[in-house]
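Chains as they are written, first to last, in the working numbering: chain H, 1 to 110; chain D, 1 to 114.
Everything labelled a hint here was simulated from the structure, so no lab data went into it. Mixed in with the good hints there might be a few duds.
Partial selection, computed: residues in chain D whose CB lies under 10 angstroms from chain H [said to hold, decoys possible]: (1) S7; (2) Q44; (3) F45; (4) Q48; (5) F69; (6) S73; (7) G84; (8) S86; (9) L88; (10) L90; (11) C91; (12) A92; (13) A103; (14) F105; (15) Q107; (16) R110.
Here are the computed lysine-lysine pairs in the BS3-like style, where the Cα-Cα straight-line distance is at most 30 angstroms [to be verified]: (17) H/K2 to H/K97; (18) D/K13 to H/K42; (19) H/K2 to H/K42; (20) D/K13 to H/K67.
Even glycine gets a Cβ: it sits at the ideal position worked out from N, Cα and C.
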Amino acid sequence: QKEVEQDPGPLSVPEGAIVSLNCTYSNSAFQYFMWYRQYSRKGPELLMYTYSSGNKEDGRFTAQVDKSSKYISLFIRDSQPSDSATYLCAPRDSSYKLIFGSGTRLLVRP
Amino acid sequence: DAGVTQSPTHLIKTRGQQVTLRCSPKSGHDTVSWYQQALGQGPQFIFQYYEEEERQRGNFPDRFSGHQFPNYSSELNVNALLLGDSALYLCASSTWTGRVTEAFFGQGTRLTVV
């Protein structure tokens, strides 16, 4: 079993839709939960992160962590075609390495 | 402010050869991590360098080695290349800010082994 599981998609939605991207994980030692966005042929860029359980909002993006169920979510409101990319969840424990999910490919149709 | 820069951007090597990839961290960053990203997969941690020492290593064979220089730039070396080493190699730099360490990635080196 992988430490981090993520549905690869692709997920196709119309412009303006609310998008929900999710990951599950198995390691209860994870404390930090990052979300990265990766455009084709580019390196990942950090969108946002949360520490432990709870919600965090940044503009159109909301990250949610439920440590009791080991479930991580990223919500995108009013999705735009420019949001089309692969979204990677990456939890981390007290060590320095990020454990990435396989990524979910999102396509926002104009 | 230049971000993380990697060179070369693309590389084609033959099985059995050796390769060196280079990374310059973001200004002000002193820590460099290397990741391997196979097609359709998320990045996998190879190792991290801090103060010119390997601080942590992922589940990669000894064919993968690295180095960090006094100016914090880093190299990733892979010996005896296998077809399965074909991937996007990503460098990420970071520094401790007193809170969570945010890693910034370069755009990667695409390595093809034929």
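Evaluated hints:
1. S7: violated (13 angstroms)
2. Q44: holds (7 angstroms)
3. F45: holds (4 angstroms)
4. Q48: holds (5 angstroms)
5. F69: violated (19 angstroms)
6. S73: Given a least distance of 17 angstroms, the restraint on D/S73 is violated.
7. G84: violated (17 angstroms)
8. S86: violated (15 angstroms)
9. L88: holds (8 angstroms)
10. L90: Constraint on D/L90 satisfied, holds at 5 angstroms.
11. C91: Cβ of D/C91 sits 8 angstroms from chain H, so the hint holds.
12. A92: Check passed: Cβ of D/A92 comes within 8 angstroms of chain H, closer than 10 angstroms.
13. A103: holds (7 angstroms)
14. F105: It holds, given that the least Cβ distance between D/F105 and chain H is near 4 angstroms, below 10 angstroms.
15. Q107: With a minimum Cβ separation of about 5 angstroms from chain H (threshold 10 angstroms), the hint on D/Q107 holds.
16. R110: holds (8 angstroms)
17. H/K2 to H/K97: holds (15 angstroms)
18. D/K13 to H/K42: holds (21 angstroms)
19. H/K2 to H/K42: With Cα atoms ~25 angstroms apart, H/K2 and H/K42 stay inside 30 angstroms; holds.
20. D/K13 to H/K67: Distance ~44 angstroms between D/K13 and H/K67 Cα, so the pair is violated.
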